[in-house]
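Trainee: Given next are the chains, with one letter for each unit.
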Amino acid sequence: MRKVAIVGVGLIKWGELWEKSLRQIAAEAIFECLEDAGTDRIDAMTIGNMSGGLFNGQEHLSSLIPDFMGLKNIPAMRIESACASGGMAVRTAYLEVASGLSDFAVAVGVEKMTDISGQEATYALATAADQDHEAFHGVTFPGLYAMMAKAHMDRYGTTREDLSSVVIKNHKNGSLNPNAQFPFEITGDQVLRSPMVADPLRLLDCSPISDGAAAVMLTTLEEAEKLKKQPVLISGIGHATDSLALSSRNDILKMEAVEQSASKALEMAGKSIEDIDFAEVHDCFSIAEIMILEALGVVPPGEGGKASSEGLTALNGKFPVNPSGGLKSKGHPVGATGVAQICEAVAQLKGEAGKRQLKNVKAGLTQNMGGSAGSSVVHILEVI
Amino acid sequence: MQVPRYWREIPKRYRLEASECINCHNVIFPEKLSCPQCSSKAFKTIRLSGKGKLVTHTIIRIAPEGFNDQVPYAMGIIKMEEGPQIMAQITDCDPDKLKTGDPMIYQFRRIRDDGNTGVIMYAYKFVPDVGI
Amino acid sequence: MVGIVGYGTKIPRYRIKVEEIAKVWGTDAPSYKRGLNLNEKSVPAPDEDCATLSVNAALNALKRAEIDPAEIGAVYVGSESHPYAVKPTGTIVSEAIGACPYVHTADLEFACKAGTEGMFIALNLVKSGAVPYALAIGADTSQGAPGDALEYSAAAGAAAFIMGNKNLIAELKDTHCFMTDTPDFWRREYKHYPEHGGRFTGAPAYFKHVSGAVDAILGKTNLSPKDFDYVIFHQPNGKFPVQAAKKFGFKEPQYLPGLLSPTLGNTYSGSSPMGFAATLDIAKPGELILLISYGSGAGSDAFVFETTNRIDEVRNRAPKLKKQLDEHKFYIEYGTYAKFRKKILVPN
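So the sequence lines, in the order shown, correspond to chains A, B and C.
As numbered in our numbering, residues 1 to 384 make up the first sequence, in order.
As numbered in our numbering, residues 1 to 132 make up the second sequence, in order.
As numbered in our numbering, residues 1 to 348 make up the third sequence, in order.
Don't read these hints as lab results, they were simulated from the structure.
These figures come from a predicted structure and were not determined experimentally.
Treat the hints with caution; some may be incorrect.
Said to hold, decoys possible - Here are the computed lysine to aspartate or glutamate pairs in the EDC-like style, where the Cα-Cα straight-line distance is at most 20 Å:
1) B:Lys79 / A:Asp115
2) C:Lys342 / B:Asp69
3) B:Lys97 / C:Glu327
4) C:Lys226 / C:Asp215
5) B:Lys12 / A:Asp132
6) C:Lys343 / B:Asp102
As the list claims (entries may be wrong) - If you want the ones that stay clear, here's a sample from chain B, every Cβ over 10 Å from chain A, calculated:
7) Cys35
8) Ser39
9) Lys41
10) Phe43
11) Val55
12) Thr56
13) Arg61
14) Ile62
15) Pro64
16) Phe67
17) Lys97
18) Thr117
19) Asp129
20) Val130
Said to hold, decoys possible - On the chain B side, residues computed to face chain C include the following (Cβ under 8 Å):
21) Ile10
22) Tyr14
23) Gly66
24) Asp69
25) Ile120
26) Tyr122
27) Ile132
Using N, Cα and C, we set each Cβ at its ideal position, and we do this for glycine too.
Throw the hints in and build the complete structure from the sequences for me.
Mentor: See below:
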């Protein structure tokens, strides 16, 4: 297997992009990525997208996107793993390059969620849960994570303030990110005043519905050198699955797919979590970030909430999490999220993260998951 | 048209039919094709008693399509006497008074209908076990 | 020997008081309460209908019958609020209780008499030897038009009876029927609410048929009112059944245990069967019970049952009706009631 590096990133500003279509935002992100990489060579294209079918009535993105870019004969494929589709697209592009099949593989993540009503989008997202045994009964994603939050509060004494601390921190980080959908700070009071969605989760505990796209260009170290680009090495990848239905887990507070994907990635990179300087994680809900901290081994089980409240994960904390603002502030166009996490890690590692730049970071981790953690993919990135 | 998908699940949804592993007696609901505990592929069908305890719950205040008329409604995970956990609506309750550990019992209820001209879908829900 | 091997009931937990309905329509609540002896009625939750009430009542009946549901050879659901115009309720019930696939089912409709119609058929089917057990259910989520007198009484509930020929809790002594063509109450195809003949529903309809059935069964069995420990009449309100009982000289201890309408309302097909179930909840072995249903259109079925020793063994295996009626109630306002009963126009 060849070593694989990222030589270019492309990220458009996320939000409610009324004027732009699915194909347009995907193509814009890819063109920006090609420009950043300094090449227009595409040996393979992987497209992370959860549900073009339900959000836009459009499948067959592998033809749609290169075609709109004005390209032909591109070996493109769509990768789907619900909200982890983006991370999986990067992993697939990695395999293209590592295996020797392709020298330049671009991974794009895209989701255009505002073409349908909020209620229709809620339905589309719920297809990432078990349709027959969860969604059929009327549960929503906020509902699933709310059940985890309730259990976490019951068992570990996690508080409302702990949940809010994740939201406040991520918005603070996001306020420094010009690409964020909601680049402003919010207060604990604002969280408490926001409408209840599924007790105990309020609207501001939830990531938004967003349009967005992100792209990364992967190549070998040799090609990176030829392009005269500072490469960021993908030194570890881990990917795991767990039961689709939350209720099927022996312990609903144990995100085994996250644990397994992280330990595999760290093992591959020859590192432990202590060697990692920061992480971009899948904070689709406030409770998710707390549970991911525990699953990654950053803190012991049950201590994620307290650690957040105490500032462990702040920009200036010991283990900064979601310097980009996370899904919460930056936005969560589901298929794009996993790719954008990698864009942020690359920016941090290359010292190009502007006002939110972390100091002296050499190794970062991205964690992207689908559904209620039924699938998870972790990447370890390093500067060399 | 959701009829075939609904119909296929009737034994589980109406009667709480579960799979008991012949080898290790692990009870699985809904069924899987191999036992997550011992990998055996031999099962027999049993009916769950319908009694269990509330593991966690939430109150859905923004509902998916088809559930608007029931808002707010409680949903929870119930640990059944036989072992498996089931996610279901908790009906006939004051959602604000539900507590983890509350005894729960099966009831047969309407889940939703496929529009006002479509098929009516029924399944298990759970209610606080108050002896009625 | 043929009779009942198990019975069970289901009452929704929601209630609305007569005053709450009267407040909306500007009517005189005390006069309704006094005149019709109605105080409150049950209201089905949005996730309840005739099928769910039937299943939950039937499962309670199975707890008392202690039989394998696969042995039930026939399932009859009597109701005027079957959830589908075309598609049986009986298959839903049979599937949910585990009686499928070797079972005969039919949905019955005869205004408020459909429940006892099912009982009549089930008992005679067992008697004929065609099936070992037969299940009969009377269930309704009845609708009264907003503002109509029926709105004060139209309620929801179900009673289920499993008939067999061994391990009986009540043995059938005799039956009789009394029918004429009398249009006192009806609902036309595609109409949401029934219409009725006002005072015509009294003397020529309810009282004539109930009396005809009582006279006939007493004559056939050579029994007189004082021979019965209990009597149950159909209960469109709290007044008619008491008047009927008094006309024949029945005393309060005979008719009060089965008189549910003052706090339950009229559960239509469930009405007299539920009164009968409440009576079984308290009857001692060896007691004689007279059950008289009434269905508009019109007719009455009469049944004489005698309880056996087994009734003491099984009555506590499932919730008793009075407990379902009197405990754990949720009172709702008219707005919630209107939402639950789909009386509010909403975009589809």
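Trainee: All hints are to be evaluated individually against the structure, with a verdict given for each.
Mentor: A quick look at each hint next to the structure:
A hinted pair counts as satisfied when its Cα atoms are at most 20 Å apart, and B:Lys79 with A:Asp115 does not qualify at roughly 39 Å. Only pairs whose Cα atoms come within 20 Å are accepted, and C:Lys342 paired with B:Asp69 is accepted, the gap being roughly 9 Å. Between B:Lys97 and C:Glu327, the direct Cα distance comes to roughly 17 Å. Compliance with the 20 Å bound is thereby established for this hinted pair. Between C:Lys226 and C:Asp215 the CA atoms are separated by roughly 14 Å; this keeps the pair inside 20 Å, and the hint holds.
A threshold of 20 Å between alpha carbons decides the hint, and for B:Lys12 with A:Asp132 the separation of about 10 Å falls inside it, so the pair holds. At roughly 34 Å between alpha-carbon atoms, C:Lys343 and B:Asp102 are farther apart than 20 Å, so this suggested pair is violated. Every C-beta of chain A lies more than 10 Å from that of B:Cys35, the closest at about 13 Å, which supports listing it as non-interface. The claim that B:Ser39 lies off the interface holds: its Cβ sits roughly 16 Å from the closest Cβ of chain A, which is beyond the 10 Å cut-off.
Distance to chain A confirms B:Lys41 as a non-interface residue, since its nearest Cβ pair spans about 18 Å, more than 10 Å. For B:Phe43, the requirement that its beta carbon stay farther than 10 Å from each beta carbon of chain A is met, with the minimum near 16 Å. Its beta-carbon lying about 7 Å from the closest one in chain A, B:Val55 breaks the requirement of being farther than 10 Å from that chain. Interface exclusion of B:Thr56 from chain A breaks down, the closest Cβ pair being 4 Å apart, not more than 10 Å.
A cut-off of 10 Å between C-beta atoms contradicts the statement that B:Arg61 is not in contact with chain A; the least separation is 5 Å. Its closest Cβ contact with chain A, about 5 Å, brings B:Ile62 to no more than 10 Å, contrary to its assignment away from the interface. Non-interface call for B:Pro64 relative to chain A: violated, since the shortest CB-CB distance, roughly 5 Å, does not exceed 10 Å. Chain A draws B:Phe67 into its interface by the beta-carbon criterion, the shortest separation being 4 Å against a cut-off of 10 Å.
Non-interface call for B:Lys97 relative to chain A: holds, since the shortest CB-CB distance, roughly 12 Å, exceeds 10 Å. Once the 10 Å rule is applied to beta carbons, B:Thr117 is consistent with being away from chain A; the minimum gap is 19 Å. With a closest Cβ-Cβ approach of about 19 Å to chain A, B:Asp129 is found to remain outside the 10 Å limit, as its non-interface label requires. No Cβ of chain A comes within 10 Å of the Cβ of B:Val130; the nearest lies about 22 Å off, and the non-interface call holds.
Using the Cβ-Cβ criterion of 8 Å, the hint placing B:Ile10 at the interface with chain C is satisfied: the shortest such distance is roughly 6 Å. The interface hint given for B:Tyr14 holds, since its Cβ lies 4 Å from the closest Cβ of chain C, which is under the 8 Å cut-off. For B:Gly66, the interface hint is violated, since its Cβ never comes within 8 Å of a Cβ in chain C; the closest pair sits about 12 Å apart. The restraint placing B:Asp69 at the interface with chain C holds, with a minimum CB-CB distance near 6 Å, inside the 8 Å limit.
With a least beta-carbon distance of about 6 Å to chain C, the hint placing B:Ile120 at the interface is held under the 8 Å criterion. For B:Tyr122, the interface hint holds, since its Cβ comes within 8 Å of a Cβ in chain C; the closest pair sits about 6 Å apart. Given hint, B:Ile132 at the interface with chain C, holds; its Cβ is 5 Å from that chain's nearest Cβ, closer than 8 Å.
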